[in-house]
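Residue numbers (the working numbering), protein chains in the order written: chain A, 1 to 257; chain B, 1 to 140.
For the record, the hints were derived by calculation from the structure and aren't laboratory data.
Possibly wrong hints are sitting among the right ones.
To be verified - Derived pair list, reagent style SDA-like, types lysine to any residue, alpha-carbon separation capped at 25 Å:
id, chain 1, residue 1, chain 2, residue 2
1, A, 146, B, 70
2, A, 146, B, 15
3, A, 146, B, 11
4, B, 130, A, 174
5, B, 130, A, 193
6, B, 96, A, 175
7, B, 130, A, 33
8, B, 130, A, 188
9, A, 146, B, 96
10, B, 4, A, 225
11, B, 130, A, 146
12, B, 96, A, 40
13, B, 70, B, 104
14, B, 4, A, 137
15, B, 69, B, 108
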Amino acid sequence: MILFKPAVRRALGWATIVALIALALFGLWGAPPDSIQGDAQRLMYLHVPTAWVAYLAFMVTAVASALWLWPRTRAMVWDRVAGASAEIGVLFTALTLILGSLWGRPVWGVWWAWDARLVTTAVLFFLYVGYLALRRVPAAPDARAKRSAIAALIAFADVPIVHFSVEWWRTLHQQASVFDPSLKANITGVMALTLWLGALAFTLLYVYLLDRRYRLAALEENMEEHELATAIAERQAGAGTPGPATMSRSINPELSQ
Amino acid sequence: MERKRRRSIFAVGLCAVAVVAVIILGVVLSGNVVYYRTVTEAVDSRGAQGDSRLRIAGAVVPGSVTETKKGVDFDITDGKTTVNVVHQGDPPELFKADAPVVCEGAWGGGKNFDSDRIMIRHGNEYQPPKVDTDKAPSIS
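Isolated chain A (complex conformation) (with noise of 0.2 Å):
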C-alpha cells in the first residue's frame, strides 16, 4: 500500500527541503544577473524545472498505464501511480504557464501569446483535466483504469509536440537551451548549475508528492471497500429491506468520499 519505507520518504522529505533553499540562494543571490534580461531572467530556475517536472509526470502516468494495459504487468498499483502522477503534472503545467506568463511580461512585452509553444501547453493542460475527470466517472475499478490508462497514452502524445513546437514552427518562444539539438552550451558557470540544481530540487518535491498522492488514493480505496463490506454487513444483519441511504452508499462511491 506504500511506495517508500517510512525512513526513504522521511529522508526524501528533508533531501527536498534543503534543495529548495539551495535553490532559492542560488537563485535569488548566487546566479548572476542576465546580461540583456536583468533579474527577470532568474524566473528561468522556477519555470524550466516545472515544466520539466510536468513532461516527467506524465511520462511516468503513460508508462504506468502501458503497464497496466499489459496483461503481465497488470495490477492496481499502476492504475494508482498514474493518477498520482497525473495529477501533479497538471499542478505543474499550470506552475509553468503562470511562471511563463510572469517572465513573459517583462521580457516579451506581453502576458500571453498565441504561438505554437504557449498553445500547446495550453492544450496539455486541458487534456490532462479531462483525464483526471474521466478518472471521476463512477465506473468498476477495472473498467475506469483501462479506459483512464486508454486516455492517458492518447494525451501523451502532446507532450512531445509541446517540446518539438520551438524547433518545428516560428515562435515567440524561445529555443530550448538545455537540450538544444545543436548541443550548444547556451547556459554556463554558475547558471547552468543552478538550472541543474533546480531541477534536481523539483523532482525529487515530485518524488515526494507522488508518494503521497499514492498513499492517499490507497487509502481512499481501503475505505471504499471497508464501507461497502459494512454495508453488505448490515443488510444481512438486517431482515427487512435496505434503506435508501445505505443502497446509495453501497453503490455510489463517489458519495462516499
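Please arrange chain B on chain A, whose structure you already have, making use of the hints.
Quick look at chain B alone, frame taken from chain A:
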C-alpha cells in the same frame, strides 16, 4: 437518479474540455503556426496582405530610433530587407538598438508599417553581464 445525474454532469464536463482543446488547436492551425514573418517575406507579400494584421520580426537598426509624440519610429531589418516601423504606444523595457523584435500591426498608407504592439523575441542564450574593459580601471 442521483447517479445518472452525476454521470451526465461529468460527461458534459468532459465534452466542454474537449471542445476548448479543439478550439485552441484550431486557433493554432489557422495561420498562427507561423507566429511572425521575416521582413523580406512581409515586404514580398505586401500586395496580397491589404489591410489585414500581421507580425514582422527583425532587429532594430541602430541609430534609426526616434521618439514621436504617440510612440516611437524606427527601422527593422532581417539582414536583407529593411522596413520603417511607426509604432504607437510605449515600447517594452528591453527595446533598444539591435534588439530582436516582433512588431504587430498592418501596412500603412506610405512605405511604413503601422505597429501597435512590440514584443521582444529574446534568444536562448544566457550570460552574466560583461565588464566593460574599456572603461574599467586596468589592474596592471
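So which hints don't hold here, by number, going up? 1, 9 and 11
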